[in-house]
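**Q** One-letter residues, chain by chain:
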Amino acid sequence: MEVVAERKRTSVVGKNVRKVDGVVLVCGRPKFTLDVDLPGTLVGKILHSPHAHAEIVSIDTSKAEALPGVACILHHGNVERIPYTTAGQGWPEPSPYDSFLFDRKVRFVGDRVAAVAAESEEVAEEALRLIRVEYKVLPAVFSPEEALADGAPVIHDEEDATGIHDAQHNIAAAVDIPVGDIERGFSESDVVVEATCEIPYSQHTPIEPHCTVAYFDEEGRLVIRTSTQVPFHVRRIVARALGLPMERIRVIKPRIGGGFGTKQEIVLEDVAAALALRTGRPVVMVYTREEEFVCARTRHPMRVRVKLGAKKDGTLHAIEMEATSNTGAYGAHALTVLSNVGSKTLPLYNKAPHLHFHGKAVYTNLPVAGAYRGYGATQGYFALEVAMDELAERLGMDPIELRLKNHIRAGETSPIFEKIGEGREGKPMVVRSCALEECLKVGAERIGWYEKRSRRRREGRWAYGVGMACAMQGSGITGIDMGAATILMNEDGSFRLLVGATDLGTGSDTILAQIAAEVLGVPVERIVVYSSDTDLTPFDVGAYASSTTYVSGTAVLKAAEEVRRQILEVAAGMLEEPPEDLELSGEQVVSKKTGKSVSLSEVGHQATYVVDQHQIAATASFVPPESPPPFTAFFCEVAVDTETGVVRVQRFVAAADCGVPIHPKLAEGQLEGAIVQGIGHALTEELLFSDKGRCLNANLFDYKIPSSLDVPHIEVVLVKSEEPTGPFGAKSIAEVGINGPLPAISNAIYHAVGVRLKRAPFTPERVLAALHRDG
Amino acid sequence: MRLRGIKRFHYARDVEEALSLLSAYQGRAALLAGGVDLARAARGDLEGLIDITGMGLSYVREEGGGLRIGATTTLTGILENKAAQGYLGGFFCEVLRQVAAPPLRNMATLGGAVVSAHPWADIPTALVALGAEVRWSDEKGEHRASVEELWQGQFRKIFRNAVLTEIRLPAWEGAFAFEKLSRSACDIALLNCACGLGIEDGKIAWARVAVGATPRRGRRLTWLEDFLVGNQPGEGLWREVRDRVEAQVEVSSDRRASGAWRKAVVGPLVARTLKRAAEKMGDA
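Heads up: the protein sequence lines correspond to chains A and B, in order. Each residue of the first sequence is one higher than the one before, starting from 22 at the first, in the working numbering. Each residue of the second sequence is one higher than the one before, starting from 82 at the first, in the working numbering.
By construction, these hints were calculated from the structure, which means they are not laboratory data. Honestly, I wouldn't trust all of these hints.
[Said to hold, decoys possible] If you anchor each label on the Cβ, the simulated ranges turn out as follows: (1) A:Pro51 with B:Ala341: 48 to 56 Å; (2) B:Arg320 with A:Gln671: 24 to 32 Å; (3) B:Ala341 with A:Phe237: 58 to 66 Å.
Each residue gets a CB set at the ideal place from its N, CA and C atoms; glycine is no exception.
Next up, chain A with everything else stripped away, as it sits in the complex (with noise of 0.2 Å):
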């Protein structure tokens, strides 16, 4: 990796500098979730249902507590009726109230129906052994096309759920947003072309499942320890779910194992809050990998039917895109996926003046769909990148030269930034940093683009191909999203940061205190982060949205500078000079006239104890009038076994603008990790399941995610921008990668062997079927 770029002068921004908590990640020290051994402990583990959809008639649980070592049992009988949604969302959530603790219906192959606390695992096990439920079995649908199809059978008949956009239709979210004229775009357009692509269920497969510890405090609270991207959503899910006052509940996120979405979701925290509510007792969950698969959340599968109409010259002229979202038993993100499939991809070819984006979310009695990472971008770009390789086929152009024509620049809008927002309207913007053209140059010379474009190699059965693709994202939500940092200063010069952000391996602490220390004048040594505690640090919509360095990080840098201006107040007294004759750098302010000086050490020994005491501290807060995109141009090289099917990836490019990299290894860091997922999207990934909709392959051993051998060589290069509302010019970087891989491979096969794949993943089989039928 490298930064093609000069920065402003900066002398922890742009730096490699070691993580915060690199050492002791290393060493094996952190404490994640599941490292605390609190006395009295119950295990928590679910009764997951066996019918993909059925009403519970009965259940007896007269066995499971007679068994020795069983502390409570939990279903619908009860608890408490109360509807939420389980998506960690800012309020109010966008996502419908479709979601109970425990139903009296069960809606796929996994869903709850129950949960036991008791002394030990086994003992829990054996418990959900001697549980007697009698199902009445209804019919169940297994795909968007059969739940829309008239007469069948309403997923969400219950009564006191809001939020469905038409329930009796098995429609969870609708949307639909016209601009201009679409079919007068079309019959304008000299070219039309037409591409459907179609992914299916994946899963995040972090390396830590879902995991909650919940517990009471000496003073009788409840808190919740637990691997979540959304703390303070937490607090507020589970206050609503089980009844409580939100003060009554802390939230702890420790270390997190990874999450990529999964984790903005409250699967685990409700119930094991619920158990422990009920028990008085410290309550244990963590999924087994099976139930990571099944029951904790998994992308949106989706298909995705773009239109292209351009001109001759190639200017784009009219784009229609339908979406048809598979969100499975409830609609958690159904509507802002879906919603994001359009407004995050239609803006990066905004010359089109006639758009229609429109589509269904809709339910089935699969598992439940969520946030994954690109969060229905993903989805879009595949069939939009797709179409645009074929368009630029069909006109005779590079596909280079398609993307330069029609992309968005600096300076430009879409109308789709106003159109679509999270779950609403969003706000205009304007586009204020755009170097997609300086990543294509230099994405393309680096994979060698037009020599191996002008002439297809072929060697026995392999035949390469090249192929690329162009994504954007954004950097958190607009007027939604608020993150906010408090700043303190010790005695010693050193600094607390507190944010509600939260680091869920992305590197965030790091980031963040960058970005303080910065403002600061300090090595990032000198700043202690503490992160995600709900009592303690201030509020953060939490770690999505590719919003943590945008918009946490701009609160820190204005808390950061509030506490600057402090400094200066307090030295500026020590050195008799005017704060604006004050500069602060290495840990010292300094006057620009007289050359005095004094130490940070001092000026906090200051005001502690000397002279008007008082704590130097700040708490500012950001939410993101506009959301600056990142841009990325994807570029790979395949070879495919013309005889199998079998394809491979064998160099990799993304030439990537996220305004100025506040850690440059750790943005190629997000960008590298969010191709190798993406090439799992592309070639492997795929949860397979029985006509009975029971999940087939969920493990490790049947459901594959690319290792460290079967990533090809990537090069990642961040090339020279800087985003002028950013914090020292930075915006986003953590979804676009995602984008990518999927059109960039699928068009790469197609200029190898002349076949389009447009059902991911492209297996062996598949490449191989189409080969025969089209090849």
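Once you have looked at the hints, place chain B on chain A.
**A** Then chain B, alone, in the frame of chain A:
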């Protein structure tokens, strides 16, 4: 399911002790070497575990151009052994390098691969092609059989009361090659193939061909072996092989791959494996 019922853990000093412990438990104990399959499909009925890794059965010895491999030798142990590296130009190591991932190869034993003999596994296909022989002991004494014979019978029943002691790989004057199709680098096979050829005076003198993960366990294509003998290696022959295999090899579907895909690729797979074996002989 985990090994919840375990009451005792034993370290057997020798085969005799392992056998007597097995017998005492009357089916409620299992032998433990690498433990890979025990962990994968843990049995709730087990009360005893008998560790057999301290019985001197971890070794690789060269004998007359062949190999004698102790049953508890790990795959990594074999990969690191000079004699194994030299055996058939490194063929067996080439196979083992494609089995699972390094951490699993550090645990998994060759004996475990023989005793479990998963249909999708790579090692059985290679052992069948090589004509490997296995030795085991039970209360009646010592036994030997080719892996083909063993796996045709009720081998799982045998090993409930027996200790596999050694796997012997014979010497061959010729070359072997192995090919595998899988979804990822550490994946089990969607289809695999091991082939050996002896070439004299430009013609195939003997041939061994085994195909596995069809999804059934690796088995020889003796009709193809017979056909190959006397033929001259070359593209024409490989095309013929491809067509014959596609027409005659029985394949079917499982959730990893369909029978139709296996049918389409099994011919090319066998042909390319044979071609590589011939190339190793310097005669393609």
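**Q** So, against the hints stated earlier in the document, which numbers end up violated here?
**A** none
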